[in-house]
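Engineer: Residue numbers (UniProt numbering), protein chains in the order written: chain A, 1 to 120; chain B, 1 to 130; chain C, 1 to 291.
Hints listed in this document are in silico derivations from the structure and should not be mistaken for laboratory results.
Where hints are given, some of them may not hold.
Said to hold, decoys possible - Straight-line Cα separation of at most 25 Å, BS3-like style, residue types lysine-lysine; simulated pairs:
1. B/Lys30 to C/Lys216
2. C/Lys37 to C/Lys49
3. B/Lys30 to A/Lys92
4. C/Lys30 to C/Lys67
5. B/Lys105 to C/Lys268
6. C/Lys239 to C/Lys285
7. C/Lys81 to C/Lys268
8. C/Lys239 to C/Lys289
9. C/Lys216 to A/Lys92
10. C/Lys67 to C/Lys37
11. C/Lys56 to C/Lys37
12. C/Lys49 to C/Lys81
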Amino acid sequence: MAERYSSFRSGSTAWLLQRITAAFLVVVLAFHFFNLHFVTHAADIEFAGSQARMQNVGYFVTMVLFLVTATFHGVNGIYNALVNQGIEGNAKRAAQVVLGVAGLLLVVQGIRVAIALAGF
Amino acid sequence: MSQSYDRGLIEDFGRWREFTAGMWAWVFHKFTGWVLIGYLFTHIAVLSTSLQGAETFNSTIQGLESLALVRLLEVGLLAVAVFHILNGIRLLFVDLGVGLESQDKSFYASLVLTGVIVVASVPTFVSGAF
Amino acid sequence: MSTQTPDTETESEAEQPSSKPHHERRLAEKRERAETKEAERAAAAQDIKGETVELKVFRFDPEIEGKEEPRFDSFTIPFEKGMTVLDALIYARDQYDSSLTFRHSCRQAVCGSDAFFINGRQQLGCQTQMADLDWPVRVEPLPHQDVVKDLVVEMDHFYDQMEAVDPFFDPDDLPEGELEEQRQSPENRENIKLSTRCIWCGACMSSCNIAAGDNKYLGPAAINKAYRFYMDEREGEQKRQERLEIIEQEHGVWRCQTQFSCTNVCPKDIPLTEHIQELKREAVKQNLKFW
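Taking the hints into account, I'd like the entire structure generated from these sequences.
Structural biologist: See the structure below:
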C-alpha cells in the first residue's frame with residue numbers, strides 16, 4: 001500500500017464502515033426481530049401483510065438499507081476472518097472476487113424481492 | 001532454522017479450557033457472524049418465492065412455519081442474533097476506548113442477557129407449532 | 001555436557017554399517033548408563049526432605065538421536081518459599097540434567113528473556129511464583145514460535161516485526177546547543193509511560209490468535225512500540241506520518257480483534273489492546289481529516 005500514494009486507505013475505511021454499519025444494524029436487526037416475531041407472529045405472515053408494510057416508503061427504504069448494510073457487514077466480516085487466517089496472493093484475490101460477486105447478487109436479488117413484495 | 005520444530009497451532013482449540021473472556025467473546029462473535037450471514041442468504045432465497053406471486057409466497061412461509069424444526073431453528077437464530085447484537089455493542093464500546101477494564105464483565109453480561117431474552121421469547125416463538 | 005559424548009560416537013558409527021555388533025554393544029551400554037542415571041535421579045528425588053513439586057518440562061533437541069521427538073520430562077524439585085518457576089528450572093538443570101536449555105539472564109523481569117508457556121499461559125519464569133500455580137507445573141516454550149531446543153524459541157520473526165515500525169526517534173529539528181536536551185512535558189510522559197515498559201519478551205505475540213494465523217501481522221508488541229513513538233511529542237512530523245502508514249497497512253492495527261489475550265499476559269501490565277485501539281482511532285481521524 002505504501003507504493004501507491006492514495007488518499008483512500010482501504011484499511012481504515014473498511015474498518016470504519018464495519019463499525020458504522022454495525023451501529024445501524026444493532027438497531028434495525030432488533031427492530032426487525034421484534035416486528036416480525038412479536039408484533040406480527042412469524043407464522044401469521046402473509047403476502048398482503050408484507051405488502052402493506054412495504055408500501056410505507058420509510059419502511060421500504062429502511063429494509064433496503066438493512067439489506068445493503070447487512071450484506072456489507074457480513075461479507076466484509078468473512079473477508080476479515082480470511083485475512084486473519086493469513087490468506088494471501090491468488091487465494092486472497094479469489095476470495096475478494098467470490099465474496100464481492102456473492103454480495104452483489106444478494107443485494108440485487110434482495111431488491112427484486114423488496115420491489116415484488118411492495119408491488120411497485 | 002530447518003532443524004527447529006514447529007508446534008503449529010498448539011494453543012488454539014485444544015486449549016479451549018484456558019481461553020479467557022475476550023477470546024470466548026471473539027469465538028462466539030465469529031461463529032454467530034457466520035450463522036447470520038448464512039441465514040441472510042437463505043432468508044432472501046425463501047423470500048424470493050414472492051417473485052412467483054402471493055400464493056407461492058404464502059404457502060412457502062406457512063409450510064415452513066408449520067414445521068416444529070423450523071420453529072426451533074428460529075429460536076436458535078434469535079439466540080445467535082441477540083448475542084451478536086449485545087456483544088457487538090460491547091465491541092463498539094471497546095472500539096471507542098470505553099470500559100476496556102471491564103471488557104470481561106460486559107461479555108458475561110451479554111451472555112446472561114442473551115439467555116434471559118431467549119428464554120423469555122420461547123413461548124412466542126413456538127406457539128402453535130407443537 | 002558429558003551426557004552428549006556417547007551420542008556423538010554413535011552418530012559417527014552410524015555411517016559405517018560394517019561395525020554393527022560394536023554399534024549394538026555401545027547402544028546397550030548407553031541404555032544401561034541411562035537406566036543408572038534414571039535410578040540415581042529417582043534416588044536423589046527421594047532423598048529430598050520437605051515439600052517437593054513436580055516440574056514437567058517440554059524437551060526437544062533436533063541434534064541428539066532419540067531426542068528429536070518432543071516429549072515432557074518430569075523433575076522433582078524441593079520447594080522453597082518464594083521459589084519462582086525460573087528457580088525451579090535452574091535447580092532441575094543444575095541437579096538433574098545439564099542439557100536442559102532455556103534463556104534467562106537478569107532474574108528480575110527486566111531482560112525479557114525467560115517468557116515461557118507455564119500451565120497454559122505466557123508468563124515470565126522469573127516473575128511467576130511456584131506457590132501461585134497449580135501443581136504439577138507444566139513448562140513449555142512459547143507457542144506459535146518455532147522451537148530451537150527445549151524451551152528456546154526462534155525470536156527472529158518477533159524482532160523483525162519490532163524493527164518494522166522503525167522504533168527510533170527522528171525529530172524534525174534538534175536543539176541548537178550541543179548539550180541541549182530535548183524536553184518532554186510531564187503530561188506527555190504520563191501518556192506514553194506504560195508503553196515504554198516493554199521488555200521485548202514476546203509473550204503478547206505468542207498469545208495472539210491473529211498473529212498465529214497471519215504471519216505478516218505486526219503484533220501487539222510492535223504496535224505498542226509504534227504507539228510509544230507516535231504519541232511522543234518530540235517525534236518529527238515527517239516520521240509520524242511514515243509510522244502511521246506502517247501501522248495502518250492491512251497487516252497493521254486493523255488485524256487486532258480485541259481478544260485482550262496480549263493485555264492479559266503482558267508481564268509489565270501494558271494496556272496493549274487500549275494502545276492498539278487508540279492508534280486505530282488515530283488512523284481513522286487522520287484519514288477523515290485528509291478528506
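Engineer: Hinted pair, alpha-carbon criterion (25 Å max): B/Lys30, C/Lys216. Please report holds or violated.
Structural biologist: Satisfied, since the Cα-Cα distance of roughly 21 Å is no more than 25 Å.
Engineer: For C/Lys56 and C/Lys37, compute the direct alpha-carbon distance and say whether it is at most 25 Å.
Structural biologist: holds (18 Å)
Engineer: Taking 25 Å as the top limit, are the C-alpha atoms of C/Lys49 and C/Lys81 close enough?
Structural biologist: holds (14 Å)
Engineer: If you draw a straight line from the CA of C/Lys216 to the CA of A/Lys92, is it 25 Å or shorter?
Structural biologist: holds (14 Å)
Engineer: Given the hint that C/Lys67 pairs with C/Lys37, does the C-alpha gap stay at or below 25 Å?
Structural biologist: Holds, because 16 Å separates the two Cα atoms, which is no more than 25 Å.
Engineer: Given the hint that C/Lys239 pairs with C/Lys285, test it: the Cα-Cα distance must not exceed 25 Å.
Structural biologist: With Cα atoms ~18 Å apart, C/Lys239 and C/Lys285 stay inside 25 Å; holds.
Engineer: Is the Cα-Cα distance between C/Lys37 and C/Lys49 25 Å or less?
Structural biologist: holds (21 Å)
Engineer: Are the Cα positions of C/Lys239 and C/Lys289 separated by 25 Å at most?
Structural biologist: holds (18 Å)
Engineer: Mind checking the alpha carbons of C/Lys30 and C/Lys67 for me, to see if they're no more than 25 Å apart?
Structural biologist: holds (14 Å)
Engineer: Between B/Lys105 and C/Lys268, does the CA-CA distance stay at or below 25 Å?
Structural biologist: holds (23 Å)
Engineer: When you check the alpha-carbon spacing of B/Lys30 and A/Lys92, does it fall within 25 Å?
Structural biologist: holds (19 Å)
Engineer: Taken at face value, is the distance from the CA of C/Lys268 to the CA of C/Lys81 at most 25 Å?
Structural biologist: This hinted pair holds, its Cα atoms lying about 23 Å apart.
This entry satisfies every hint, going by the numbered hints stated previously.
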